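*Asks:* One-letter residues, chain by chain:
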Amino acid sequence: MVGEIRIENVYKKFPNTDPTKEDVQTLNGLSLKVEAGSFVSLIGPSGCGKSTLLRIIGGLDKATEGKLYIDDQEIKKPGSDRGFAFQGSNLFPWLTVEKNIAFGLKARHVYKERKGDVEDFVKLVGLEGFEKSYPHQLSGGMQQRASLARALVGHPSVLLLDEPLGALDAFTRMNLQDEILNIWKKHNMTMIMVTHDVDEAIYMSDKVVVMSARPSKVEAIIDIDLPRPRARAQDTFQEYRTRILNVLNLGGQINDVEYYL
Amino acid sequence: MNKKIYAALKLLLPFVAIAFSILVYYGIKDNGKQKQTAHPYYLWLIGAVGAVILIEIVIGLFYQPIRNRILGKAPFLTGVLVFLLLLNLVTTKTTLLPTLYFPSLDRIVAVIAENKIFLLKNIFDSLKLLAVGFAWGASVGFLTGLCLGYFKIVGYWLNPVTKIIGPIPTTAWIPLALSTFPTTHSANVFLIAFAVWFPVTLMTSSGIQSINNVNFEVSRTLGASTLYQILHVAIPAAMPSIFLGVFYGTVSSFATLMAVEMNGNSSGIGWYINWQKSVMMYDGVYAGLIIIAVICSLTLTLLFKVRDKVLIWQKGVIKW
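These protein sequence lines map, in sequence, to chains Z and V.
Going by my numbering, 214 is the number at position 214 of the first sequence; the sequence numbering is gapless.
Going by my numbering, 1276 is the number at position 276 of the second sequence; the sequence numbering is gapless.
Don't read these hints as lab results, they were simulated from the structure.
Owing to the predicted nature of the structure, the values given are computational and were not obtained by experimental measurement.
One thing to keep in mind: the hints can contain errors.
Straight-line Cα separation of at most 35 Å, DSBU-like style, residue types lysine-lysine; simulated pairs [unchecked claim]:
| id | chain 1 | residue 1 | chain 2 | residue 2 |
| --- | --- | --- | --- | --- |
| 1 | Z | Lys-112 | Z | Lys-123 |
| 2 | Z | Lys-112 | Z | Lys-62 |
| 3 | V | Lys-1309 | Z | Lys-112 |
| 4 | V | Lys-1152 | Z | Lys-21 |
Only chain Z is shown next, with the shape it has when bound in the complex:
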């Protein structure tokens, strides 16, 4: 099985807004291994560098120090083995749904051979009949689906999700959580998701990685040993929730910790 991510002792510094001052240390020697085919959530106080870590895995940012591997290959830039779903849908407004989804195939010059994939993924996310619509004609949930299809159409072995459902209403959100899980199961892929929502993390993940406040490390990895499909209103959820929140509180000064329920 492919899609294993290994993160070894990664440091990330950002230049200070005042160029004469010290750089800001975000990731502080973070190591993590994500098994192929697992669903892992990254959670932590805001500003702790969850998204930064995800972006480094995606190849959008470079680690200041340390190395990352996907299936023993060092990650240096974005690649077709990793798909990235951004916060908000971020569809290209000038392209139709169909063309948005086909963008990656065209950019990698494989569109001709894999035209059929576009159709398949339109179906997979339930957007038949909206192929020719422009993003502004779709609801938020539909935009997010199209955006997922766009990230998935190249058959990546790892999908990186940066708070993909943050901007959606509760019902659409739950719906899409289930759809993402369906895709995850069906395509046997690794998914790493950054989220602010503890319940979402518990509901979806095999493991929840709790990060500490900046400069951050992995504070705890919590295995969610619940059978799938999971029910949302389980008592055991509360246990996990308490455990995660406890870790978050221990990670720093209680008053400074921000999390969203």
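Given chain Z, work out where chain V should sit, using these hints.
*Replies:* For chain V alone, kept in the frame of chain Z given last:
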């Protein structure tokens, strides 16, 4: 039923105005100061307007979009006819305005009708100059804007230069251009190109700079190369702004066209107006102005039609 009567009355309005215009034309005695024309051109003109309205009404009986259009336009057209009627009344029937500067409508229409070929040649010359200058200005402006906007380092060094040179009014370059370029024609092309270049450059580069960075990140994760990113993200995302630049450029190219044609040119509508003025033929001046108005307006209409096609994905748009 009431609505039908109301609509019929509305459609009758322009014809009432035309009938009244004819009545005034023949019924009231002329002031005798306007030069007589070979034909009652003004009546021909409003007759043509009436014929077009009539045709639209007939089509409208069977085809609803045209019906809605003509019903909507009828009051406005009536207003135009009434305005012309008043203008004719003042210029031909009274001596309120000096006849030299305010020729009768008959004479203005006569200039266009009787000098068709000569005017067409001048229109063609103007359009050719405009098109060549515009093509140069828009394409060079687009490329410079692209480089300034996309490549930070180019922007850093060249933006200040653009900001100093760009705002210089094109007309201020006329003396220098006329003396440094080998031919007047090439100088004119340069001046028009310059007028288009600056707004297009500015709006292209600012359009690209204001693209949300996430668009580029998305395309990178989807495997886009730099060239692919420029062609398929930067340019389409900046297109609304680029169009705005082209619009400003087009408007300022009209101004420049007139300025260069009135300065040392020997053909073109701008030259024609200037020449007619110098021989005190104000009917020709007005005819020239009308032609320019029509050309400029049509050009902009065409531009906006193209924009509506290209920017079909956009929600809010400027109305023209």
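*Asks:* With a cut-off of 35 Å on the C-alpha distance, tell me whether Lys-112/Z and Lys-62/Z pass.
*Replies:* Given that 35 Å is the threshold and the Cα spacing comes to 32 Å, the pair holds.
*Asks:* Are the Cα positions of Lys-1309/V and Lys-112/Z separated by 35 Å at most?
*Replies:* holds (27 Å)
*Asks:* Between Lys-1152/V and Lys-21/Z, does the CA-CA distance stay at or below 35 Å?
*Replies:* It holds: about 23 Å lies between the C-alpha atoms, which stays within 35 Å.
*Asks:* Checking one constraint from the list: CA of Lys-112/Z to CA of Lys-123/Z, max 35 Å. Satisfied?
*Replies:* Holds: Lys-112/Z and Lys-123/Z sit about 19 Å apart, inside 35 Å.
Violated hints for the displayed structure: none, as all numbered hints are satisfied.
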